[in-house]
Amino acid sequence: MKRQIGTRTEIYDNNSNIAISIKNLHKSFKLPTEQAFGLKQAIFNRLRGIKGYTEQKVLKGLDFEIKKGEFIGIVGRNGSGKSTLLKILAGIYYPEKGEITINGNLVPFIELGVGFNPELTGRENVYMNGALLGFSNAEMDKMYNDIWKFAELEQFQDQKLKNYSSGMQVRLAFSIAIRAKGDILLLDEVLAVGDAAFQQKCADYFESLKTKNQTVILVTHSMENVRKFCTRAILIDNGKIVQSGDPQKIADAYTKLWS
Amino acid sequence: MGIPRVLNRKNRILLAELTKTDFKLRYQGSVLGYLWALLRPLLMFAILYIVFAKLLKIGGDIPHYPVYLLCGTTMWSFFTECTSQGIQAIVNRGDLLRKISFPKYIVVVSATLTAVINMLINLVVIIIFALINGVAPTWSWLLIFIPLIGLYLLSLGIAFLLGSINVKYRDITSIWDVLVQALFYAIPIIYPISMVASTSATAAKIILLDPIAQCIQDIRYFLITNETITTWNYINNKFLAAIPILITLAILIIGAIIFRRKSKFFAEEV
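Chains as they are written, first to last, in the working numbering: chain A, 1 to 259; chain B, 260 to 529.
In short, the hints are calculated from the structure, not lab data. Warning: the hint list may mix true and false statements.
[What the hints assert, rightly or not] Within a straight-line C-alpha distance of at most 16 angstroms, the following computed EDC-like cross-link-like pairs (lysine to aspartate or glutamate) qualify:
1. Lys23(A) - Glu99(A)
2. Lys30(A) - Glu527(B)
3. Lys249(A) - Glu224(A)
4. Lys60(A) - Glu124(A)
5. Lys57(A) - Asp430(B)
6. Lys228(A) - Asp204(A)
7. Lys279(B) - Glu119(A)
8. Lys67(A) - Glu139(A)
9. Lys228(A) - Glu207(A)
10. Lys283(B) - Glu152(A)
11. Lys201(A) - Glu189(A)
12. Lys427(B) - Asp320(B)
13. Lys427(B) - Glu528(B)
14. Lys210(A) - Glu70(A)
15. Lys30(A) - Glu96(A)
16. Lys523(B) - Glu96(A)
17. Lys279(B) - Glu124(A)
18. Lys240(A) - Glu65(A)
19. Lys23(A) - Glu96(A)
20. Lys210(A) - Asp183(A)
21. Lys30(A) - Glu528(B)
22. Lys256(A) - Asp237(A)
23. Lys521(B) - Glu96(A)
24. Lys283(B) - Glu189(A)
25. Lys68(A) - Asp13(A)
26. Lys67(A) - Asp183(A)
27. Lys60(A) - Asp237(A)
28. Lys283(B) - Glu124(A)
29. Lys228(A) - Asp252(A)
30. Lys228(A) - Asp246(A)
31. Lys256(A) - Glu224(A)
32. Lys269(B) - Glu139(A)
33. Lys201(A) - Glu152(A)
34. Lys40(A) - Glu527(B)
35. Lys160(A) - Glu124(A)
36. Lys57(A) - Asp237(A)
Chain A on its own, in the form it takes in the complex (with noise of 0.2 angstroms):
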């Protein structure tokens, strides 16, 4: 049961103006058949010849490469491979096939709020997120409070987490994330929720990345923040990339998938 597996190299070179360079990647997953997990099922399969599980193909040969300082938006239908796209280049996944070459530091927010516990209190959750996001407790101390004035929620930080509105937990999420810093961005539908004044934090946000030239990559399925912000554009299609390029013309063939 050896599964081939592809290359995730990280490189630190200022000379090179390249960040991400992704070479015929692809990936599968193996979707079990069985509901039922467990040693029973795994060795009865086993003796009946069955695989237990089925193959799903998810990026079939994906070829790009990321300049620095592209904000870069993909896009595409659900379940077009965006996300495992984005998981890979975090590192999370492994490459089934391919070379991915990461120039620089690479910060992934495939969520906000990893790690958040209902039961800790706003303040002990802040150091936990950002801890995750790589922030000792020395330079948490330095933000702290600039994060809950941005969040707006500073009497509620000793409050247990659990009693927090979920848009309150996105804001303070969303404030603690913004801190980060790094030579690549990866952002994936991180707007998708929040009220209008948060939805124009995330655009002051995205603004200000856009202004400082740092290099981003973003998932999302707003075609209104693909042609405000994007330099380039990636449309994903079942595993393979249909189109890149100008960011109008992609939000125009992405709108044109369902007509």
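Dock chain B against chain A, hints included.
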């Protein structure tokens, strides 16, 4: 791929924060809070002491038998807590594994470190009990850290080995629970090893080849009384006496290798 980035700055921060959170959550919402870390082994000890020392009158010939018993039960709790928490760590922290990328061993180590903290608190209690019971403090007390580290490394090895299988086959958790129950009686915790030795020296020697028994007897030897039978003073053949250590190392190394190989796919499988 490559050598795992052993405790660099980022991983150290993460390990410390996860351990702190685990420990806090353990006693979250209970009235007595951290006191339970002390109370649990003490209550367990009280039950065993009443049943075995008072009702069944076992261990009368061992000096400081209550402390001897408490020491054994505490170390046993440490082993079971360490392994069961460690085995389930990957599954329990599945949400993290699916969303951020970090060396997976950190969650296993942080889960076991909580057990280490509990054990160290209990060690203080044992020492207080020992002093009350009239055990004279000696420099050999410091040596208990050698068998303690041995016991920890064994637990960690088991956690790595079974924890990586548990991701796919959750039966491991249940199997381990039963196995631990059986192991409890195979190790001289509630009964003194001298009881076994008086009927069959071979049986006693086989029991002492178990690394858990070896560690617990060593701790008792260094801490309480040098009349304790240990693997070293009971098994004359030095090669045979090294077996417990070799078992520990083998489990740790095999566990680490399997864990490292399987950890690449934890995020997909958990």
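Quick rundown of the hints versus the structure:
| no. | hint | verdict |
| --- | --- | --- |
| 1 | Lys23(A) - Glu99(A) | holds, 5 angstroms |
| 2 | Lys30(A) - Glu527(B) | holds, 9 angstroms |
| 3 | Lys249(A) - Glu224(A) | holds, 13 angstroms |
| 4 | Lys60(A) - Glu124(A) | violated, 42 angstroms |
| 5 | Lys57(A) - Asp430(B) | violated, 29 angstroms |
| 6 | Lys228(A) - Asp204(A) | holds, 12 angstroms |
| 7 | Lys279(B) - Glu119(A) | holds, 14 angstroms |
| 8 | Lys67(A) - Glu139(A) | violated, 30 angstroms |
| 9 | Lys228(A) - Glu207(A) | holds, 9 angstroms |
| 10 | Lys283(B) - Glu152(A) | violated, 27 angstroms |
| 11 | Lys201(A) - Glu189(A) | holds, 15 angstroms |
| 12 | Lys427(B) - Asp320(B) | violated, 49 angstroms |
| 13 | Lys427(B) - Glu528(B) | holds, 7 angstroms |
| 14 | Lys210(A) - Glu70(A) | holds, 9 angstroms |
| 15 | Lys30(A) - Glu96(A) | holds, 12 angstroms |
| 16 | Lys523(B) - Glu96(A) | holds, 11 angstroms |
| 17 | Lys279(B) - Glu124(A) | holds, 10 angstroms |
| 18 | Lys240(A) - Glu65(A) | holds, 15 angstroms |
| 19 | Lys23(A) - Glu96(A) | holds, 12 angstroms |
| 20 | Lys210(A) - Asp183(A) | holds, 13 angstroms |
| 21 | Lys30(A) - Glu528(B) | holds, 9 angstroms |
| 22 | Lys256(A) - Asp237(A) | holds, 12 angstroms |
| 23 | Lys521(B) - Glu96(A) | holds, 14 angstroms |
| 24 | Lys283(B) - Glu189(A) | violated, 32 angstroms |
| 25 | Lys68(A) - Asp13(A) | holds, 11 angstroms |
| 26 | Lys67(A) - Asp183(A) | holds, 11 angstroms |
| 27 | Lys60(A) - Asp237(A) | holds, 10 angstroms |
| 28 | Lys283(B) - Glu124(A) | holds, 10 angstroms |
| 29 | Lys228(A) - Asp252(A) | holds, 13 angstroms |
| 30 | Lys228(A) - Asp246(A) | holds, 12 angstroms |
| 31 | Lys256(A) - Glu224(A) | holds, 15 angstroms |
| 32 | Lys269(B) - Glu139(A) | holds, 12 angstroms |
| 33 | Lys201(A) - Glu152(A) | holds, 12 angstroms |
| 34 | Lys40(A) - Glu527(B) | violated, 21 angstroms |
| 35 | Lys160(A) - Glu124(A) | holds, 9 angstroms |
| 36 | Lys57(A) - Asp237(A) | holds, 12 angstroms |
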